[in-house]
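S.K.: Sequences listed follow chains V and W, in order. Per this note's numbering, the first sequence runs over residues 151 to 507. Per this note's numbering, the second sequence runs over residues 91 to 273.
What the hints contain is simulated information worked out from the structure, not anything from laboratory work. No residue lacks a Cβ here, since even glycine has one placed at the ideal position from N, Cα and C. Be careful, since some hints might not be right.
If you only want the chain W side, here are some residues facing chain V, beta carbon under 10 Å, derived [stated by the list, open to error]: (1) G138; (2) A221; (3) A225.
Listed next, the in silico DSS-like pairs over lysine-lysine satisfying Cα-Cα at most 30 Å (straight line) [as the list claims (entries may be wrong)]: (4) V:K497 / V:K220; (5) W:K149 / V:K459; (6) V:K476 / V:K274; (7) V:K459 / W:K233.
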Amino acid sequence: MEALFFNANTGFLEGIVRGYKAGILTQSQYANLAQCETLEDFRTQLSATDYGNFLANEPLPISTSTIADKATELLVEQFKYLRTNAVEPLRKFLDYITYGYMIDNVVLLITGTLHERDTHELVKRCHPLGVFDSMPVLCVATNVDELYQSVLIETPIAPYFRECLTASDLDDLNIEIIRNTLYKAYLEDFYNFCTTLGSPTSDVMHRILSFEADRRTINITINSFGTELSKETRAKLFPTIGRLFPEGNNQLARADDIEQVRQVCENVSEYRSFFSEGPSVSNPNGDEFGALAAQLEDRFFSTEVDLNKQAFLQQFQYGVFYSYMKLKEQEIRNLTWIAECIAQDAKDRIQDYIPIF
Amino acid sequence: SGEAFNVGQFLEETSPYAWAGTGIGLCIGLSVLGAGWGILVTGSSILGGGVRSPRITTKNLISIIFCEVVAIYGVIIGIVYSAKLQHVPENLLYTPHNYYTGYAIFWGGITVGICNLLCGIAVGITGSTAAIADAADPNLFVKILIVEVFGSIMGLFGLIVGLLMVGAAGDFTAAASVSPHVL
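Only chain V is shown next, with the shape it has when bound in the complex:
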């Protein structure tokens, strides 16, 4: 039934976003890029893709951070085009996509205020998609209480603050705990919003968001081994959506080492392969834990790419917009990796990007 009414408001934008998706770099283009000797070659190769001459005005020598910044600028332009042409409820959906970046930006500003840094400088380092109108107001706050008050009023992510944190928390708690608490509230809110949109958007987005929640749960668990994070605090950071909720979350809250994490993940068939022994990167220090963590991260990224690719198999739903943003971000990470390998002349690890199409 969604096919009857979807195109009236969103048909054009769906066509546009699928056109954007056709411009995502393919394996053969990555192979060409990986064979470049210098970053100027890299730039020439990229000019034949949808990126065009985005680096044309940069003075030599180009740095990899410039490449990442310019590529992100292109993505932001595309996103802004989509958002200005969107009506409800797509507009709200696209806003939800930006809240993730807003959380990062606000946490950056809070850290800056706590350490008495000049927040105007930090505004320049904020992610452009997470910028909101009242961001300069946050910079005016001089201490944490004022910051908390202004955050509650000004930001679109205020509800996430209201539910979970108080002003004193901002001072005491570790900044990462704040970030994870906010992100948990954001994921659950987004999940509920997608439920109101109905099938098929909710089908596609639930799958993707559940994996995101499980990924964060596993990461928080593994990262908290050997730190002084108590198990209760750890459990409070786990999102309540996801395939591991509730039994998996309970077990992970009590886990003490990687073996237990592996056992919990055995219950979900898709996650079993995350911990299996694979061709791991050669690590001369014999740091098993580090190698396993890196391998796990890679596997998470490739599963995320798979899920996002599948979103494009269905028409007449909003998941394609979210998935396009995520795939493009992965592409920017890939490009940065390849550029770094070229710049540092580390050609043996240049194939470690995650191919998308």
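We have chain V already, so just place chain W on it with the hints.
M.R.: What follows is chain W alone, placed relative to chain V:
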């Protein structure tokens, strides 16, 4: 005492012109609704996909044409049916022959209208997918076009049945003499 709806009286007293007119109106109205709906669904996808892949715009006009054809079926039937509308004075109007023509046009019009409505929607949705698939991979277009052709045939079925239904109905003709039933 209360009211009772006398079906027989209603059927006898309603003018065959009313039935015929409603039928023709529904026929063309629903057909155009279906065609328009289909064009709206397909057109937006063609425009969106055509931004990055301009080559699809000309080829995918076929989908729009298939939707339009559905409206043309409605017009054809409308013309054929309205040719049967002749002027007859009211006291000579209510003959069994005229009743039959009135009913035949009414139900024929609904048949054709609903067939074309659903056909137009089906072709429209398929056309939208065809445009997007064509933008991604040009080889897919001809294959999805076959699906559209089958969808379009449904409208043709409606046309055929509509023509058959009024095949035996003649124009409105005056009765030979004044009927005793006329009120």
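S.K.: If a hint holds in the structure, say so; if it does not, say that too.
M.R.: Now for the hints, and whether the structure bears them out:
1. Given hint, G138 (chain W) at the interface with chain V, holds; its Cβ is 2 Å from that chain's nearest Cβ, closer than 10 Å.
2. For A221 (chain W), the suggested interface contact is upheld, since its CB lies about 7 Å from the closest CB of chain V, less than 10 Å.
3. Here the hint on A225 (chain W) is kept, as its CB sits about 6 Å from the closest CB of chain V, short of 10 Å.
4. Proposed proximity of K497 (chain V) and K220 (chain V) is supported: the alpha carbons are some 24 Å apart, at most 30 Å.
5. Pair hint K149 (chain W) plus K459 (chain V) holds up; C-alpha atoms about 27 Å apart against a cutoff of 30 Å.
6. A C-alpha spacing of about 23 Å is found between K476 (chain V) and K274 (chain V), which places the hinted pair at or below 30 Å, so the restraint holds.
7. The straight-line distance between the Cα atoms of K459 (chain V) and K233 (chain W) is roughly 23 Å, inside the 30 Å bound, and the hint therefore holds.
Checked against the numbered hints given earlier, the structure satisfies every one of them.
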